[in-house]
Amino acid sequence: MEKIILEGYQNQSFFVESYEINQPKAVVILVHGVAECASRYQQVATILNQAGMNVYIADHIGHGQNVEASALGHWEKGDFDGCIFNVHVLYQQKRKVFPTLPFFLLGHSMGSFMAQKYQYLYPNQFQGIILTGCAKADALFKFGHLFSSLMAMFHKKTTRMPIIDRLSFGAFNKKFRPNQTNCDWLCKDKEICQWYQDTPYVGFVGTAGFYQEFYKNVSKIPNRKYKHVIDQDQPLLLLGGKEDMVSNRGKKLKKLARFYQKQSNQVQYYLFDHLRHEIFNEPEKQEVFDILIPWMEEHL
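The opening residue of the sequence shown carries number 25 in this note's numbering; numbering runs sequentially from there.
None of these hints come from the bench; they were simulated from the model. Among the hints, a few may not be true.
Unchecked claim - DSS-like mimics (lysine-lysine), calculated; alpha carbons at most 25 Å apart, straight line:
no.: 1; residue 1: LYS166; residue 2: LYS244
no.: 2; residue 1: LYS180; residue 2: LYS101
no.: 3; residue 1: LYS275; residue 2: LYS286
no.: 4; residue 1: LYS266; residue 2: LYS166
no.: 5; residue 1: LYS214; residue 2: LYS249
no.: 6; residue 1: LYS266; residue 2: LYS214
no.: 7; residue 1: LYS240; residue 2: LYS160
To be verified - Simulated restraints on C-beta separations:
no.: 8; residue 1: VAL121; residue 2: GLN218; range: 48 to 58 Å
no.: 9; residue 1: LYS279; residue 2: TRP219; range: 25 to 35 Å
no.: 10; residue 1: ASP255; residue 2: VAL121; range: 17 to 27 Å
All residues carry an ideal CB built from backbone N, CA and C; glycine is no exception.
Please put together the full structure from these sequences, using the hints given.
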């Protein structure tokens, strides 16, 4: 693994973890979720390397190595789109290096929303799109936008908002009582959950500015503007767990799949028994790769 630095949104530098092999047959750009970082996907990248693919993962604005610990989890207005812009900068840089290879975009959780908006802002760049830990925005997301906007009116944008964090994620954990950590909803691997809980640069509480910008965007993805972002022949794969509370045990993932199936005949989805939100961190993760990698190879 190599770490590289690129210049992105508002001329700010951002870190990228680069996992390259000799003679790759494809390139994967992976977009991570809320309150995590590129380094959490080292195992995913290694497995995709073994399948013959280069993998690149950018740390988002306000995440990972891009900021000091005190600034983790803060966004200003426009930073959601700024993260997407950085993904596009990364894509353009690697497209110059590998002009003939197929490119795949893999977005997890918040990254799945970013991947959809990327396709809206920069269409026809990727051979295939994969969304994991995904959901179709509903009234709860719209409430999140309303509540976070209200909190931002009465607090500084840099004020930490544990109340929004609890409302957003705390309820997920209640479904898995008795809890061993505050993030059992992520996966069944207790070591991973404990590490996530104990490590300061992941699992952090965001600021008022962060949650306002986050919910303002994800509450609108997808909407009517997205009806034509997936071409008729655009391969799209949605993967999730039947115990993922973000998608209400897969229900919101199915709704998202049906939304795009109206536009494309190349939309597939799989829901895995007993898997929670982070399907790549579950003990049964090989089941996921047994679906993902053949699908990607089919669309090279």
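Hint check results:
{"no.": "1", "hint": "LYS166 x LYS244", "result": "holds (8 Å)"}
{"no.": "2", "hint": "LYS180 x LYS101", "result": "holds (13 Å)"}
{"no.": "3", "hint": "LYS275 x LYS286", "result": "holds (17 Å)"}
{"no.": "4", "hint": "LYS266 x LYS166", "result": "holds (23 Å)"}
{"no.": "5", "hint": "LYS214 x LYS249", "result": "violated (40 Å)"}
{"no.": "6", "hint": "LYS266 x LYS214", "result": "holds (19 Å)"}
{"no.": "7", "hint": "LYS240 x LYS160", "result": "holds (14 Å)"}
{"no.": "8", "hint": "VAL121 x GLN218: 48 to 58 Å", "result": "violated (38 Å)"}
{"no.": "9", "hint": "LYS279 x TRP219: 25 to 35 Å", "result": "holds (32 Å)"}
{"no.": "10", "hint": "ASP255 x VAL121: 17 to 27 Å", "result": "holds (25 Å)"}
The structure does not agree with the numbered hints 5, 8 stated previously, though it agrees with the rest.
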